[in-house]
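I would like the entire structure built from these sequences, with the hints used as guidance.
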Amino acid sequence: MKVLVAVKRVVDYNVKVRAKSDGSDVELNNVKMAINPFCEIAVEEAVRLKEAGTASEVVVASIGDKSCQEQIRTALALGADRGVHVEAEGRPEPLEVAKLLKGVITAESPDLVILGKQSIDGDNNQTGQMLGALTGMGQGTFASEVNVGDGTVQVIREVDGGLQTVELTLPAIVTTDLRLNEPRYASLPNIMKAKKKPLETFSPSDLGVEVKSHVTLVSVKPPAERSAGIKVESVEQLVDKLKNEAKVI
Amino acid sequence: MKTLIVAEHDNESLKPATLNAVAAAQHFGGDVDILVVGSGCQGVADAAASVAGVTGVLSADNVVYEHQLAENVSLAIADLAAGYDCVMAAATANGKNFMPRVAALLDVAQISDITGIIDADTFERPIYAGNVMATVKSSDAKKVITVRTTAFDAVAAEGGTAVVQQVDGAHDAGVSRFVGEEVAVSDRPELTAASVVISGGRGMQNGDNFSMLEGIADKLNAAIGASRAAVDAGFVPNDYQVGQTGKIVAPDLYIAVGISGAIQHLAGMKDSKVIVAINKDEDAPIFQVADYGLVADLFSALPELEAAL
Numbered sequence: 000m001k002v003l004v005a006v007k008r009v010v011d012y013n014v015k016v017r018a019k020s021d022g023s024d025v026e027l028n029n030v031k032m033a034i035n036p037f038c039e040i041a042v043e044e045a046v047r048l049k050e051a052g053t054a055s056e057v058v059v060a061s062i063g064d065k066s067c068q069e070q071i072r073t074a075l076a077l078g079a080d081r082g083v084h085v086e087a088e089g090r091p092e093p094l095e096v097a098k099l100l101k102g103v104i105t106a107e108s109p110d111l112v113i114l115g116k117q118s119i120d121g122d123n124n125q126t127g128q129m130l131g132a133l134t135g136m137g138q139g140t141f142a143s144e145v146n147v148g149d150g151t152v153q154v155i156r157e158v159d160g161g162l163q164t165v166e167l168t169l170p171a172i173v174t175t176d177l178r179l180n181e182p183r184y185a186s187l188p189n190i191m192k193a194k195k196k197p198l199e200t201f202s203p204s205d206l207g208v209e210v211k212s213h214v215t216l217v218s219v220k221p222p223a224e225r226s227a228g229i230k231v232e233s234v235e236q237l238v239d240k241l242k243n244e245a246k247v248i
Numbered sequence: 000m001k002t003l004i005v006a007e008h009d010n011e012s013l014k015p016a017t018l019n020a021v022a023a024a025q026h027f028g029g030d031v032d033i034l035v036v037g038s039g040c041q042g043v044a045d046a047a048a049s050v051a052g053v054t055g056v057l058s059a060d061n062v063v064y065e066h067q068l069a070e071n072v073s074l075a076i077a078d079l080a081a082g083y084d085c086v087m088a089a090a091t092a093n094g095k096n097f098m099p100r101v102a103a104l105l106d107v108a109q110i111s112d113i114t115g116i117i118d119a120d121t122f123e124r125p126i127y128a129g130n131v132m133a134t135v136k137s138s139d140a141k142k143v144i145t146v147r148t149t150a151f152d153a154v155a156a157e158g159g160t161a162v163v164q165q166v167d168g169a170h171d172a173g174v175s176r177f178v179g180e181e182v183a184v185s186d187r188p189e190l191t192a193a194s195v196v197i198s199g200g201r202g203m204q205n206g207d208n209f210s211m212l213e214g215i216a217d218k219l220n221a222a223i224g225a226s227r228a229a230v231d232a233g234f235v236p237n238d239y240q241v242g243q244t245g246k247i248v249a250p251d252l253y254i255a256v257g258i259s260g261a262i263q264h265l266a267g268m269k270d271s272k273v274i275v276a277i278n279k280d281e282d283a284p285i286f287q288v289a290d291y292g293l294v295a296d297l298f299s300a301l302p303e304l305e306a307a308l
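Which chain is which? The protein sequence lines are V and P, in order. Heads up: the first sequence begins at 0 in numbering that gives the first Met the number 0, then just goes up one per residue. Heads up: the second sequence begins at 0 in numbering that gives the first Met the number 0, then just goes up one per residue.
Do not rely on the hints blindly, as some may be mistaken.
Here are the simulated BS3-like pairs of lysine-lysine, each with C-alpha atoms no more than 25 Å apart in a straight line [to be verified]:
no., chain 1, residue 1, chain 2, residue 2
1, V, K220, P, K218
2, P, K136, V, K211
3, V, K220, P, K272
4, V, K230, P, K272
5, V, K220, P, K136
6, V, K19, P, K269
7, V, K246, P, K218
8, V, K19, P, K136
9, V, K49, V, K195
10, V, K240, P, K269
11, V, K242, P, K269
12, V, K49, V, K1
13, P, K136, V, K242
14, V, K65, V, K242
15, P, K218, V, K242
16, V, K246, V, K230
17, V, K31, V, K194
18, V, K246, P, K136
Hint data in this document are derived by calculation from the structure and do not stem from the laboratory.
Right, here's the structure in full:
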């Protein structure tokens, strides 16, 4: 079974992103970039499937400018076998990323496609589902457990009321939630080995996709700040404040 | 501008999140219809017809929609979208699951999790875990939108007199099957709809200690939530999680107990009217957003609080 994993290069999880003072965009100069945490979970899941003997090959794809090859190398160091880079300038929107990934799927014919449920920059939570619609594949979004069977995959999904299990016909799409697994760290020897793993680059036109823009960023601003309130000295004072000042109980 | 709202429901009752989505759609000033996709969901359709300000209700009631599998319902919604300028749903786990599929079927972008409507093409939405608010403009003729429910005050559930129209046909993509679900049954109000929420974090130390929150929750008719750290540690199930990737809540009163206040948690609760933080670490970031902070050991503060209420 072949597994395709999509990864995105995003601002590192630990960086507190701010709006530029002119409000034109967020400040991204000289900030640390990393593989999107949900994508990292996707890579880990694919590698575990390979280690369990379920998957025979793990291909990792990323869409973006040249710099996202760094994140492909990270995924290769975590255990993926080879990389596919689709070179696209700017910030391709989820629908366009889904179209490009569909192109990769046509070329690679994977049995299972694993993506993060959302990226921590745009917070869109769209690409996996859109890819499902474009390819006609079933989707197991927000996965907390993935069990591959014979020609099917069962996915336990985190939903508002608890957990839901669905069974999908392969090939299928899975998007990862936080508790699917805990990604490993890449060891130094594996980082060295990853440098020698194959990485192919395609342009959108190679995949027959014309990248379009549907949404433009008009401006950004900081969120409305909450000001810190007061410290109370005791539970008694707290209850008094809630009753008589805030009047919420 | 004609908007189709996809109802949030469980075949039995219309969920309040739908009322927030209707409120958002009313910003456009045009007709607002509600679509109920489900199975045996006549009661939901009737409830949707009495929502204030709703023009019409479409009911796609078929066994293939019973569990609202995204593959099937997205085909139904995309079909019906032809008659509308905008398709909208609440950004619930359900809405997030099927709406991007609808958008892709229509070959348009989805604008996720909007918190404001500036005009028919321009929307406000949080990015970077709520650290930045973005204003975005869509060039698509047809809009597909999910709504952050806490940003729009719900319309009244009663007062409307819309007529329910049945939608014929059934879409079965045939690639997915519902196997089962583990749904928590609780007498408490739903986390996203409760007027008081009390949440525990890693400071609770274990799952058993969450019972210390229950007595207080009973007295305040509160829902119980948790931080990601508490869910990851296995103290409580995933449906308790409040935060950027969990549930977004905005109750009248939010009590954070033993929660340090990571940005991802704050993103899920900072629009609450009054925030109380109880934490023994006086430097915990949660105090920066709390209206009332109590620096105390939660194991002594919680019994005291329960007794004082």
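Hint check results:
The suggested pairing of K220/V with K218/P is violated, with an alpha-carbon distance near 40 Å, which exceeds 25 Å. Only pairs whose Cα atoms come within 25 Å are accepted, and K136/P paired with K211/V is accepted, the gap being roughly 14 Å. As the CA atoms of K220/V and K272/P are separated by approximately 22 Å, the hinted pair is consistent with the 25 Å bound. A hinted pair counts as satisfied when its Cα atoms are at most 25 Å apart, and K230/V with K272/P qualifies at roughly 17 Å.
Note on K220/V and K136/P: the hinted pairing holds, with a Cα-Cα distance of about 15 Å set against a maximum of 25 Å. Straight-line distance between C-alpha atoms of K19/V and K269/P comes to about 22 Å, which keeps the hinted pair within the 25 Å bound. The straight-line distance between the Cα atoms of K246/V and K218/P is roughly 16 Å, inside the 25 Å bound, and the hint therefore holds. Annotation: proposed proximity of K19/V to K136/P holds, straight-line Cα distance about 19 Å (limit 25 Å).
In summary, the hint linking K49/V to K195/V is supported, as the alpha carbons are separated by about 19 Å, within the 25 Å threshold. Annotation: proposed proximity of K240/V to K269/P holds, straight-line Cα distance about 19 Å (limit 25 Å). For the proposed pair K242/V and K269/P, the alpha carbon gap of about 21 Å is at most 25 Å, so the pair holds. For the suggested pair K49/V and K1/V, the alpha carbons sit about 9 Å apart, so the restraint of at most 25 Å is met.
With a C-alpha separation of about 44 Å, the suggested pairing of K136/P with K242/V is violated against the 25 Å cut-off. Our distance criterion of 25 Å between C-alpha atoms is broken by K65/V and K242/V, whose separation comes to about 58 Å. The suggested pairing of K218/P with K242/V holds, with an alpha-carbon distance near 14 Å, which does not exceed 25 Å. For the given pair, K246/V sits about 17 Å from K230/V by alpha-carbon distance, which is consistent with the 25 Å threshold.
About 21 Å separates the Cα atoms of K31/V and K194/V, which keeps this hinted pair within 25 Å; it holds. With a C-alpha separation of about 40 Å, the suggested pairing of K246/V with K136/P is violated against the 25 Å cut-off.
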